[in-house]
Amino acid sequence: MKNAELRIEKGRFLNSQFSILDSMLVLPALLFFAVFFAWPLVEIAGVSFTPSQVSRGATPMVVLRDPAYVGVLWFSLWQAALSTVLTLMAGTPIAFAFARYRFAGQRMWRALAVVPFVMPTVVVAAAFSALLGPRGAINAALQALFDLDRPPIQLFGTLPMILLAHVFYNVAVVIRLVGGFLSAFNPSIEEAAAGLGAGRWQVIRYVSLPMALPSIGAAAALTFLFTFTSFGVVLILGGARFATLEVEIYRQTSQLLRLDVATSLAIVQMIVTLMVSWASARLEARASVPLEARPAGDIRKRPATPAARALVIGSLGFIVVVLIAPLATLLFRSLNLEGGHPLRYYAALSENVRGSLFFVPPQMAIRNSLAFALVTAALSMLMGLPLAYAIARDADAQRSESRRTRLRHARLLEVLLLLPLGTSAVTLGLGFLVAFDRPPLDLRTSVVLLPVAHTLIALPFVVRAVLPAIRSFDPRLREAARGLGASPLQALRYVDLPLLAPPFAAAAIFAFTVSLGEFGASLLIARPEYPTMPVVIYRFLGQPGALNYGQALAMSSLLMLVTAVSASVIERVNERAGR
Amino acid sequence: MTHDSFGASEDVIAEFEQVNNVKVVVLKSGDAGSTLNKAILSKNAPLADVLYGVDNTFLGRALAADILEPYASPALADIPDRFRLDPQNRMLPVDYGHVMINYDKAFLQEKGLKPPASLRELTEPQWKGMLAVENPATSSPGLAFLLATIAAFPEGSAYDWRQFWKDLRANDVHISPDWSDAYYTQFSGSSGKGPRPLVVSYATSPAAEVFFSEGKLSEPPTGNVEGTAFEQIEFVGILKGTKNRDLAEKWVDFMLSKRFQQDIPLQMFVYPVLPAAEWPDVFVKFGQPPAQAFALSPEQIDQGRERWIEEWTRIVLK
Numbered sequence: 000m001k002n003a004e005l006r007i008e009k010g011r012f013l014n015s016q017f018s019i020l021d022s023m024l025v026l027p028a029l030l031f032f033a034v035f036f037a038w039p040l041v042e043i044a045g046v047s048f049t050p051s052q053v054s055r056g057a058t059p060m061v062v063l064r065d066p067a068y069v070g071v072l073w074f075s076l077w078q079a080a081l082s083t084v085l086t087l088m089a090g091t092p093i094a095f096a097f098a099r100y101r102f103a104g105q106r107m108w109r110a111l112a113v114v115p116f117v118m119p120t121v122v123v124a125a126a127f128s129a130l131l132g133p134r135g136a137i138n139a140a141l142q143a144l145f146d147l148d149r150p151p152i153q154l155f156g157t158l159p160m161i162l163l164a165h166v167f168y169n170v171a172v173v174i175r176l177v178g179g180f181l182s183a184f185n186p187s188i189e190e191a192a193a194g195l196g197a198g199r200w201q202v203i204r205y206v207s208l209p210m211a212l213p214s215i216g217a218a219a220a221l222t223f224l225f226t227f228t229s230f231g232v233v234l235i236l237g238g239a240r241f242a243t244l245e246v247e248i249y250r251q252t253s254q255l256l257r258l259d260v261a262t263s264l265a266i267v268q269m270i271v272t273l274m275v276s277w278a279s280a281r282l283e284a285r286a287s288v289p290l291e292a293r294p295a296g297d298i299r300k301r302p303a304t305p306a307a308r309a310l311v312i313g314s315l316g317f318i319v320v321v322l323i324a325p326l327a328t329l330l331f332r333s334l335n336l337e338g339g340h341p342l343r344y345y346a347a348l349s350e351n352v353r354g355s356l357f358f359v360p361p362q363m364a365i366r367n368s369l370a371f372a373l374v375t376a377a378l379s380m381l382m383g384l385p386l387a388y389a390i391a392r393d394a395d396a397q398r399s400e401s402r403r404t405r406l407r408h409a410r411l412l413e414v415l416l417l418l419p420l421g422t423s424a425v426t427l428g429l430g431f432l433v434a435f436d437r438p439p440l441d442l443r444t445s446v447v448l449l450p451v452a453h454t455l456i457a458l459p460f461v462v463r464a465v466l467p468a469i470r471s472f473d474p475r476l477r478e479a480a481r482g483l484g485a486s487p488l489q490a491l492r493y494v495d496l497p498l499l500a501p502p503f504a505a506a507a508i509f510a511f512t513v514s515l516g517e518f519g520a521s522l523l524i525a526r527p528e529y530p531t532m533p534v535v536i537y538r539f540l541g542q543p544g545a546l547n548y549g550q551a552l553a554m555s556s557l558l559m560l561v562t563a564v565s566a567s568v569i570e571r572v573n574e575r576a577g578r
Numbered sequence: 000m001t002h003d004s005f006g007a008s009e010d011v012i013a014e015f016e017q018v019n020n021v022k023v024v025v026l027k028s029g030d031a032g033s034t035l036n037k038a039i040l041s042k043n044a045p046l047a048d049v050l051y052g053v054d055n056t057f058l059g060r061a062l063a064a065d066i067l068e069p070y071a072s073p074a075l076a077d078i079p080d081r082f083r084l085d086p087q088n089r090m091l092p093v094d095y096g097h098v099m100i101n102y103d104k105a106f107l108q109e110k111g112l113k114p115p116a117s118l119r120e121l122t123e124p125q126w127k128g129m130l131a132v133e134n135p136a137t138s139s140p141g142l143a144f145l146l147a148t149i150a151a152f153p154e155g156s157a158y159d160w161r162q163f164w165k166d167l168r169a170n171d172v173h174i175s176p177d178w179s180d181a182y183y184t185q186f187s188g189s190s191g192k193g194p195r196p197l198v199v200s201y202a203t204s205p206a207a208e209v210f211f212s213e214g215k216l217s218e219p220p221t222g223n224v225e226g227t228a229f230e231q232i233e234f235v236g237i238l239k240g241t242k243n244r245d246l247a248e249k250w251v252d253f254m255l256s257k258r259f260q261q262d263i264p265l266q267m268f269v270y271p272v273l274p275a276a277e278w279p280d281v282f283v284k285f286g287q288p289p290a291q292a293f294a295l296s297p298e299q300i301d302q303g304r305e306r307w308i309e310e311w312t313r314i315v316l317k
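Going down the list, the sequences are from chains A and B. At position 534 of the first sequence the residue is numbered 533 (numbering that gives the first Met the number 0), and the sequence of numbers has no breaks. At position 86 of the second sequence the residue is numbered 85 (numbering that gives the first Met the number 0), and the sequence of numbers has no breaks.
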């Protein structure tokens with residue numbers, strides 16, 4: 000069975016009567032990007048390229064002629080490519096396992112898999128160090144076992160460490176996006192292929208993979224951009240000898256205040272982002288085929304064959320070893336095992352021993368984090384879903400000659416959409432500072448900037464997460480509902496929503512967790528009244544002493560708990576709504 | 000407007016708010032470098048009335064950026080001259096501290112080693128793979144330590160700082176991006192139980208270890224290595240264009256008053272510049288400043304910083 004044969008079914012997604020509706024759908028998101036993304040960048044570029052104390056004539060062309068920066072660009076590119084390949088290799092089989100098979104505690108496993116995504120890098124570094132470091136558990140065990148003088152595993156400050164950490168952080172993106180996509184569509188076509196005599200590998204090669212390709216493409220694009228702009232992982236786990244563009248931008252800004260160099264590098268980074276985004280948008284549009292929606296009820300089967308069992312056990316094994324083991328060491332270290340109550344550090348979170356002005360009760364940090372995450376998820380779903388529908392619809396009109404121009408708009412939108420993910424947080428933060436310094440938008444110290452900054456990252460995520468599913472969704476179902484007299488909203492509520500619940504859940508969960516774990520923006524935007532959990536963790540890690548360290552790890556453990564619980568709650572709510 | 004490490008007691012700030020009938024809003028703006036950058040970039044529409052947290056390594060940049068108004072606070076009369084680095088009083092000293100190497104007592108004892116007697120000794124084989132420092136391009140203590148080595152091994156001498164860092168590199172020094180990673184993930188003497196017994200930290204870190212042990216420790220598990228210190232002085236100044244000049248002056252006076260100065264040690268783990276301010280017990284016992292510290296003038300630092308960081312990066316990282 001080949002791609003081409005699947006494509007025969009492809010029908011028109013929608014007719015042209017919706018052009019006004021289309022503009023209304025994309026307008027809020029466009030306005031949002033214009034005000035909170037484009038404008039600050041234009042302003043900071045203005046400051047950076049006007050000769051002054053902070054600018055001495057560097058431009059993107061100038062930095063690209065410097066071999067040192069070209070080296071940084073090259074490293075950013077190939078480590079991201081390598082990280083993406085590894086992440087896809089690890090994540091895709093797990094996504095298949097979750098989408099196709101039913102096993103005990105599935106929702107819990109899936110919730111656990113997103114936890115790494117929110118963890119602050121410095122805490123993750125501590126976890127990896129406790130496990131794999133020169134004095135970590137594994138090295139200690141190996142040394143004791145084989146009577147070695149030196150720790151046998153020397154990972155810190157090496158490329159494999161960076162790659163491992165990138166897989167650790169991003170595998171959830173693949174699991175969720177590809178898994179959500181696969182669970183939305185009917186696996187009967189796989190069974191049909193098998194019934195026609197295709198072997199297991201043939202089914203995967205010619206049916207399952209082509210079917211999932213749009214979502215794999217989306218996950219690859221997102222993972223590539225996250226690792227291409229990687230900051231904390233490269234800075235902390237890679238040691239000082241590795242640098243991505245993002246690290247170099249921070250270096251040029253924070254200590255050297257060379258905004259011309261920093262902004263030039265940021266522009267180079269954005270150009271690469273656009274190229275990646277364009278390539279992935281092309282791939283996704285080409286690869287998407289209309290698929291039959293899943294039937295009502297559970298489409299998953301018990302893993303009956305040995306191969307299926309091996310896939311499920313292998314997937315869970317990966318989650319335990321790579322994702323949970325490092326996090327478990329944090330949990331262990333957050334306990335006080337040297338006299339006193341074991342939960343001492345958790346209790347201390349609620350005590351303001353030094354009468355500090357900046358004391359934050361843990362429930363307040365949790366509340367702030369949850370509130371920002373809710374607003375971010377709501378904003379990005381409300382703007383992102385209509386945008387995704389508009390893009391899917393417009394792009395589908397590509398075969399109709401008369402709408403060439405509008406098509407280009409849609410493709411352009413889809414490509415531009417990923418730009419915030421490839422934009423330096425440092426540069427954008429300074430952009431906020433210089434753009435929003437006068438009425439009517441004197442927002443520099445306003446609390447709204449935090450969810451706004453989070454939404455800039457979450458919104459592209461939401462659109463890319465749901466777009467493959469919306470594109471592959473057979474429009475005849477919706478058209479049938481409309482034909483029977485349903486309003487567009489009713490069709491959305493009773494046709495799309497129930498059937499597309501899994502990818503929508505994936506989008507909402509990521510919008511939520513992007514905000515829960517985001518720290519860069521919280522750092523750039525000063526709002527002392529509303530410290531979030533990551534901010535509190537960094538504060539504790541800023542001072543020496545057992546109590547500070549213990550409290551940082553206790554707060555990290557609470558962050559894990561909040562993330563896992565939120566992820567499963569969103570999934571449950573979504574399942575309800577989908578019924 | 001301040002860096003993230005600013006701390007104060009609730010009741011101390013409440014006192015200022017009550018007396019002056021105002022609400023104090025603290026804008027924590029990232030690390031010391033980022034905070035100053037933000038102040039410079041928002042010059043035309045200042046974010047705050049007062050800027051705190053510029054230290055002597057950034058003083059030159061702050062003054063050159065012309066973002067501060069002079070204020071000859073009467074409180075300066077009680078503060079030793081050596082802290083007053085800006086004759087025009089645009090930046091007034093508030094506190095000082097020392098970046099220096101800490102060592103893990105238990106680790107050294109187990110290996111039968113004595114703490115290094117000098118910076119130079121760190122390049123010897125017995126200290127191979129034992130030291131963690133912060134990257135001066137991304138960390139304020141990292142920059143301070145680089146400056147200490149430049150003051151100790153000046154340019155033009157037979158053994159200059161470049162040679163020293165080449166030797167340190169050959170001796171497997173670890174470069175961390177920031178203090179938290181160096182102290183908690185790399186240093187063996189902290190609760191993070193890292194692999195290395197020497198770390199660039201602060202003179203008050205051993206005292207903080209006792210203070211934050213909740214009575215479990217009566218002696219610090221770590222000690223300071225004499226002869227490795229660089230003195231950091233932190234300043235406060237009134238931002239140009241403030242609409243509350245009166246209150247800004249009152250706030251600066253307040254920061255230099257005994258009430259605020261005595262609050263400094265346990266909130267920020269640095270020393271108050273006011274000699275009359277009393278130190279808490281844990282500082283008196285375990286947090287004494289080093290006998291000797293390296294120093295460079297703000298002008299020297301301002302002129303050299305960018306070049307030194309670039310050269311350091313080439314020598315140590317490339």
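Read the hints as simulated data drawn from the structure, not as lab findings. Positions of the beta carbon are idealized from the N, C-alpha and C atoms, including for glycine. Incorrect hints may appear among the rest.
[What the hints assert, rightly or not] With the C-beta cut set under 10 Å, the calculated list includes, among others, these residues of chain A facing chain B: (1) 156; (2) 159; (3) 234; (4) 240; (5) 355; (6) 366; (7) 370; (8) 439; (9) 492; (10) 493; (11) 497; (12) 540; (13) 547.
[Stated by the list, open to error] Simulated restraints, written as ranges between beta carbons of each label pair: (14) 441/A with 71/B: 51 to 57 Å; (15) 446/A with 303/B: 36 to 42 Å; (16) 158/A with 127/B: 22 to 28 Å; (17) 111/B with 55/A: 36 to 42 Å; (18) 127/B with 321/A: 46 to 52 Å; (19) 111/B with 106/A: 41 to 47 Å; (20) 60/A with 63/B: 34 to 40 Å.
[What the hints assert, rightly or not] Over 12 Å on every C-beta distance to chain B, these chain A residues come out as not near it, computed from the model: (21) 92; (22) 253; (23) 258; (24) 433; (25) 478; (26) 549.
Checked hints:
{"no.": "1", "hint": "156", "in the structure": "8 Å, holds"}
{"no.": "2", "hint": "159", "in the structure": "18 Å, violated"}
{"no.": "3", "hint": "234", "in the structure": "4 Å, holds"}
{"no.": "4", "hint": "240", "in the structure": "5 Å, holds"}
{"no.": "5", "hint": "355", "in the structure": "6 Å, holds"}
{"no.": "6", "hint": "366", "in the structure": "19 Å, violated"}
{"no.": "7", "hint": "370", "in the structure": "19 Å, violated"}
{"no.": "8", "hint": "439", "in the structure": "14 Å, violated"}
{"no.": "9", "hint": "492", "in the structure": "45 Å, violated"}
{"no.": "10", "hint": "493", "in the structure": "49 Å, violated"}
{"no.": "11", "hint": "497", "in the structure": "46 Å, violated"}
{"no.": "12", "hint": "540", "in the structure": "4 Å, holds"}
{"no.": "13", "hint": "547", "in the structure": "6 Å, holds"}
{"no.": "14", "hint": "441/A with 71/B: 51 to 57 Å", "in the structure": "32 Å, violated"}
{"no.": "15", "hint": "446/A with 303/B: 36 to 42 Å", "in the structure": "41 Å, holds"}
{"no.": "16", "hint": "158/A with 127/B: 22 to 28 Å", "in the structure": "23 Å, holds"}
{"no.": "17", "hint": "111/B with 55/A: 36 to 42 Å", "in the structure": "53 Å, violated"}
{"no.": "18", "hint": "127/B with 321/A: 46 to 52 Å", "in the structure": "33 Å, violated"}
{"no.": "19", "hint": "111/B with 106/A: 41 to 47 Å", "in the structure": "55 Å, violated"}
{"no.": "20", "hint": "60/A with 63/B: 34 to 40 Å", "in the structure": "29 Å, violated"}
{"no.": "21", "hint": "92", "in the structure": "32 Å, holds"}
{"no.": "22", "hint": "253", "in the structure": "4 Å, violated"}
{"no.": "23", "hint": "258", "in the structure": "8 Å, violated"}
{"no.": "24", "hint": "433", "in the structure": "6 Å, violated"}
{"no.": "25", "hint": "478", "in the structure": "53 Å, holds"}
{"no.": "26", "hint": "549", "in the structure": "7 Å, violated"}
Violated hints, listed in ascending order, are 2, 6, 7, 8, 9, 10, 11, 14, 17, 18, 19, 20, 22, 23, 24 and 26; each of the other numbered hints is respected by the structure.
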